[in-house]
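**Student:** Sequence:
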Amino acid sequence: AFVCGLRARAGWPRRYRPFADGFCVELQGRSHLSSGLVLRWFQGHLQRCLGAVRYRLQERCRISLSGCAGRPPTLHIVPCSDYVCCHISMAVRLIPAIPLGDALYLTALPPEGAQAPPVPEALWSLNASRQEQRLLSWLKEQAPATSCHLKCLQILKGLRDLRGQGLEEPFCSQWGRVLSSYVLKTALFSLLLRGPLDAWDECFLEERLEDLVLYLRDCLRKQVLMHFFLGNRSLPEAVVLPRFLKEAAPVNLLAAFDGPTLDLVAFQLLSTWIQAPQVIRMYSSPRYLRPVPVP
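Just so we're aligned, residue 1 is where the sequence shown starts under this note's numbering, counting upward by one.
Derived by calculation from the structure, the hints in this document are not laboratory data. Owing to the predicted nature of the structure, the values given are computational and were not obtained by experimental measurement. Mixed in with the good hints there might be a few duds.
Said to hold, decoys possible - Straight-line Cα separation of at most 16 Å, EDC-like style, residue types lysine to aspartate or glutamate; simulated pairs:
| # | residue 1 | residue 2 |
| --- | --- | --- |
| 1 | Lys222 | Asp258 |
| 2 | Lys151 | Glu210 |
| 3 | Lys140 | Glu210 |
Starting from the given sequences, assemble the full structure and let the hints guide the process.
**Tutor:** As structure tokens, then:
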């Protein structure tokens with residue numbers, strides 16, 4: 001997570017007091033733009049704009065917003081049954097962001113972790129999706145045409161979600177936070193760069209999926225999985241990063257979680273892999289399928 005400090009001329013706090021009161025928090029004696037306050041303002045404006053959008057599209061689709069306090073809202077678009085052009089419903093997360101240049105953004109996504117930071121509303125998340133796409137494009141060129149690395153990620157996400165349906169709180173929430181999609185993706189990228197990429201041919205799908213599970217288990221046991229871009233000097237030359245990302249201090253994605261929690265997640269992850277066929281059969285049955293909320 002990052003903080004977004006504000007540089008201003010003398011007298012700025014008095015002249016722009018409404019802005020400072022509405023969007024800033026104090027941290028170590030300085031004003032910082034608050035992701036939480038920006039998100040709250042953003043949600044309020046979305047609600048006010050929704051009526052106008054609904055009116056213009058009422059004959060084509062139903063539009064609604066859902067979400068909880070402190071989390072980005074989700075826009076639901078459901079086509080009307082008599083509108084024949086498209087019958088595909090959509091759910092889109094709407095997240096305010098600050099452009100940093102080089103296709104990097106600070107996004108108002110609350111940091112995930114077991115321990116809350118002192119001023120959580122001051123923190124912003126880094127979005128490096130363009131850099132991830134560059135890495136994936138490079139991998140597509142270097143790996144076999146039938147590479148299974150994306151399938152491995154999809155299967156692992158599916159197993160995580162299925163197992164999560166059978167867990168009770170509070171461990172169910174911890175399971176999802178520790179094994180976030182970004183953590184799984186980071187583990188995959190790190191394993192891929194160890195090579196050789198020829199070993200990721202689709203005929204080795206089961207072996208590579210097991211390697212990914214075991215690598216992630218080892219990271220959980222050691223309580224270390226480093227951010228893939230921040231301070232990583234071992235990236236392929238094809239993945240161009242801004243200087244401040246290359247020179248940033250390395251960040252451990254698992255630092256916010258305590259050892260017993262990570263050990264329990266590691267044990268449950270390996271158990272899920274060993275019992276994968278049973279997990280898929282059990283939690284894919286209608287009894288365990290969670291109903292999709294109606295917007």
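**Student:** For the pair supplied as a hint, Lys222 and Asp258, confirm whether the alpha-carbon distance does not exceed 16 Å.
**Tutor:** The hint holds at about 11 Å.
**Student:** Are the Cα atoms of Lys140 and Glu210 separated by 16 Å or less?
**Tutor:** Between Lys140 and Glu210 the Cα gap is close to 21 Å, so the pair fails against 16 Å, i.e. violated.
**Student:** Do the alpha carbons of Lys151 and Glu210 lie within 16 Å of each other, as the hint requires?
**Tutor:** holds, 13 Å
Hint compliance for this structure: hint 3 is the single one not met.
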